[in-house]
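Fit chain B to the supplied structure of chain A, relying on the hints for placement.
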Amino acid sequence: MLDSVLFYFFASIAIISAGLMVTRRNAIHSAVFLITTLLSTAGIFLQLRAEFLFIAQIILYVGGIMVLFIFVIMLVRLDVPLPQIRSRLQKGAAVFVALAVFTEAAIVLLLARKVPGPGQGLIDPLPAAADKLPPNTEELAKSLFTAYLLPFEIASVLLLVAMVGAVVMAKKRPDAP
Amino acid sequence: MMPIGHYLFLSLALLLIGSIGVITRRNVIIVLMSIELILNAVNINLVAFSRYYGDVAGQIFALFIIADAAAEAAVGLGIMIAFFRNRETVLADEMDLLKW
Chain A
1 MLDSVLFYFF
11 ASIAIISAGL
21 MVTRRNAIHS
31 AVFLITTLLS
41 TAGIFLQLRA
51 EFLFIAQIIL
61 YVGGIMVLFI
71 FVIMLVRLDV
81 PLPQIRSRLQ
91 KGAAVFVALA
101 VFTEAAIVLL
111 LARKVPGPGQ
121 GLIDPLPAAA
131 DKLPPNTEEL
141 AKSLFTAYLL
151 PFEIASVLLL
161 VAMVGAVVMA
171 KKRPDAP
Chain B
1 MMPIGHYLFL
11 SLALLLIGSI
21 GVITRRNVII
31 VLMSIELILN
41 AVNINLVAFS
51 RYYGDVAGQI
61 FALFIIADAA
71 AEAAVGLGIM
81 IAFFRNRETV
91 LADEMDLLKW
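Chains A and B are the protein sequences, given in the same order. Here the working numbering is used: the first residue of the first sequence is 1, the next is one more, and so on. Here the working numbering is used: the first residue of the second sequence is 1, the next is one more, and so on.
Same shape as in the complex, but just chain B:
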């Protein structure tokens, strides 16, 4: 097995790229995709440590995170479709109904 530090660096890089996407993009769909990327980076960490300690618990947690990501994507995209129907936009800057 490779030293686990390599996996940690890969996971860290993906996490930071995803965070840059969440912070700088204005299109809400791409923000949601960046969140999927962040969850995926967490999964790499969990699976690498599962291999490192020879224990399957990490893989089970990764499985739960995949289920969670599916739920989050479904609800988020549903909210986005409802919002688009009302406001005709997908830009995060224009979602300011709750700003007063």
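So that you can see chain A by itself, here it is in the shape it has in the complex:
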């Protein structure tokens, strides 16, 4: 009961503020609504008992990436009058295609419970036996540093390369005209 109340609370906040993020004209407003979406996603992670990801989401996304976005929005001059989207057709087509994909996936998910096999738990409530994930930050660390050690190291190299790349990209070149 509490589970579903929390889920619907966070999910409605996430979807409403995602919609507002896409439609606001002011980039700072968009950034603030994206922060709201990310925070409510963090709430859903906590409701799914992923405590480490909850903290990582708040620290990395909201504390790191979004601060970067807001810095860049303030560095870049956005007060040029942004023209309206020229073709209403494009916006209408995008919304139509999105609704079509959503309907299609909904039909597939709703039909999946008629097929015997793993699809049956998708919509109907799970039997209690399947709900067996304990608080698991320790498990996550064990798995990350044994089975997934090589991807972990590759991710660190990726972050290093991205850091150097961002500095090189944003640096002012003295020989440029």
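Certain hints may be false.
Chain B regions said to be covered by chain A (calculated; three or more residues, Cβ under 8 Å) [said to hold, decoys possible]:
1) 8 to 21
2) 28 to 42
3) 78 to 88
Every beta carbon over 10 Å from chain A, so not counted as near; a handful from chain B, in silico [unchecked claim]:
4) V47
5) D96
6) L97
7) L98
8) K99
Just so you know, these hints were derived from the structure itself, not from any lab. For clarity, every value in this text was computed on a predicted model and none was experimentally measured. We put the beta carbon where it would ideally sit given N, CA and C, even for glycine.
Then chain B, alone, in the frame of chain A:
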């Protein structure tokens, strides 16, 4: 636990809203933010299935996706600052240097 279909629907909705943002907005910063939203929707799926199967592998993948999103945001914003310095614009329609 809630049935996993609810999480899949939430993830699908966020993914589609993010795609609408990528397609229709002209401001490149908002396009980048919509990409972050899409990656976040993928994370919800991974964590929900991790709970569903009682296995932490999904959470580890979600962690890698968060690292990837950080790298992508840093490089993308760096490119955008470099572009803004040269062309004084952040509108996607006007980024047509490679169009011939």
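List of violated hint numbers, smallest to largest: Violated: hint 4 alone.
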